[in-house]
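Undergrad: Each chain, written out:
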Amino acid sequence: MYPILFLSFSGLITLFLGFFQEGKWVKPATILFLAIASISAFIDWNKPGAYFFNMLQVNNFNLLLSLVILITAILIVAISDNFKEIEYAHSAEYYAIMQFSLVGAIMMTNFQSLIMLFLGVEILSVSMYVLTGTDKRNLRGNEAAIKYFLLGAFATGILLFGIAMIYGGVGAFEIDAISGTLASNQAQSLFLYIGLVMLLIGLLFKLAAAPFHFWTPDVYEGAPTIFTLFMATIVKTAVVFALYRILHQSFQNMHLSWSYILAGCIALSLIIGNLSAVKQISFKRMLAFSSISHAGFLLLGLLHVSKTADKSLLFYSVSYLLASTSAFGVLLALKNERTENGRSNENISVFKGLATRSPFLSAVLIISMLSLAGIPLTGGFWSKFYVLTDAANDQFFYLIVLALLLTAVGVYYYFKPIITVFEKSDIQEAITINPIFKIIFVLTTLGTLVLGLFPDLLYGMI
Amino acid sequence: MLSQFGFILLFIVGAFLMLAGILGMARLLRPDKPNDQKLLSYESGENAEGGSLVSFNIRFYVIALIFVLFEVELVFLFPWSVVFGDKQLIEQTNGLWGWFSMAEMFVFIFILSLGLVYAWAQGHLDWLRPDQKVNPFKSEIPSDLYENINKKYS
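Sequences listed follow chains V and H, in order.
Numbered per my numbering, the first sequence spans residues 1 to 462.
Numbered per my numbering, the second sequence spans residues 1001 to 1154.
Keep in mind the hints are simulated off the structure, nothing from the lab.
A short, non-exhaustive set of chain H residues, derived as facing chain V with CB atoms under 8 Å:
no.	residue
1	F1005
2	L1114
3	Y1118
4	A1121
Computed list of chain V residues with no C-beta within reach of chain H, every gap over 12 Å:
no.	residue
5	G49
6	R140
7	A177
8	T181
9	A183
10	Y244
11	V411
12	I418
13	I436
14	V450
Only a predicted model underlies this, so the values are computations on that prediction, with no experimental measurement involved.
Ideal Cβ placement from N, Cα and C applies to all residues, glycine included.
All chains, full assembly: derive it from the sequences and hints.
TA: Structure, rendered in structure tokens:
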């Protein structure tokens, strides 16, 4: 709860810090603010309770989620490099909006009332619409922002309508009250079913799960890389745990109804995400489709109401966060390579000859790709293992088979960048890397490996 | 048996029926003889000229945007003012309620005005004027020459 309050005000301070000394202090200040916010989360540690008239719920697991989100944000801000790729950048505004969006993300993981969920979704999405369109002179960026805004606003409308329907059916916004009503009487109002489906549509859109994924490739490609990373990691984590709270802590008695919807979405996400990623030339677009397939895997962890679902989802999120941060980070570190029309080349071919030019960067890229593909000894393997174990059940066994088959497809396209790394390139000069980048890369890569070698460190802790 | 939603539906249906009834009755009763004068804009309305898709100055845009922002603030102020003056709540809390809601609203307005200050400091409120170019040409004829001519022939 305290991170929300703190970040709301530190965002305002960041905004005005931009006026002093040409915004030199904005980035260090943002990292400091995020660090303080992470520490302030510990005030509520071991003190579960409700805040703001039972609008927000705080317990240790929710605090852990806030911490994961905040620490990821620190990693992302650290590699952000003051937005030199954007013309006429107002970096103070972007850092402020990032902090506001984190407020939304934390609200989405800690909500108790559906109103708070809606508020969180809105704060997070409106910030993301703005951040997507920050590169005002870039046509692709504009297209991405407009698409994201129009489709996202529509999805939010459906979400809100769903919440209203649920209220019509149950007469309560609190997820505890909803689960209480569902547990008590047998016959449920039709409004409740319609509302749940609409709520699911709204959230699955934000998660970029098929068949609500159409915005993903364009938006991921058009947005500045740093915000694509933000979208792929923080938004996904926040939404998946919002879904977890709704489906597992509120609508668990309607499992029979929603599990079929979810199963359909999982199958479509896995097929569309993996098969479309095969043909991509642009690295960002490939990662966009891979994020659709990862959305499918995350939903697989939600499919059955089990006691280990939260653990596996958190493990999956953390390993995905680490791997994506290194993958997008390598692209960011290479952004000065071979620019076209003033914009950096974001195709997979930009990695050509990386093995000789910078063995460090290529190692980071290879390990992140292996983790995303789910090869053993990386975090990605165990995350897939846990999620599939949770989903293993007579009812949906075909989904497991499908997931395993499509993971094999995934190996093909995740290995394309790895192969490109070892190809010979005309340019031989070594690449110099910013020391901050180096620290972040070491952290994320070590994290991926540690999760792969000792998964119980995280899985057993929760 | 009507649920709470049913009443709202009744209101909506009632509103449509009422409108249709009144306008339909007027349509049946009134004489219908239009001429050019009658079809003009009502009272002191301006006559429309040209197309409506003209380009207008972009400088209005930023100002209008900021204006709309503060107009929307009012949407929050109206319901607040009703709750703020709730006598029952004030009596129950011994006057604390008034101060609490007052402080809450001031925090809200403070954050909004910070936004205005930010826009001001960024220079978004400055009315950008096109640079006035001074013609560097200097006439070699002294200006009193013109005055003398004017005097002579006046």
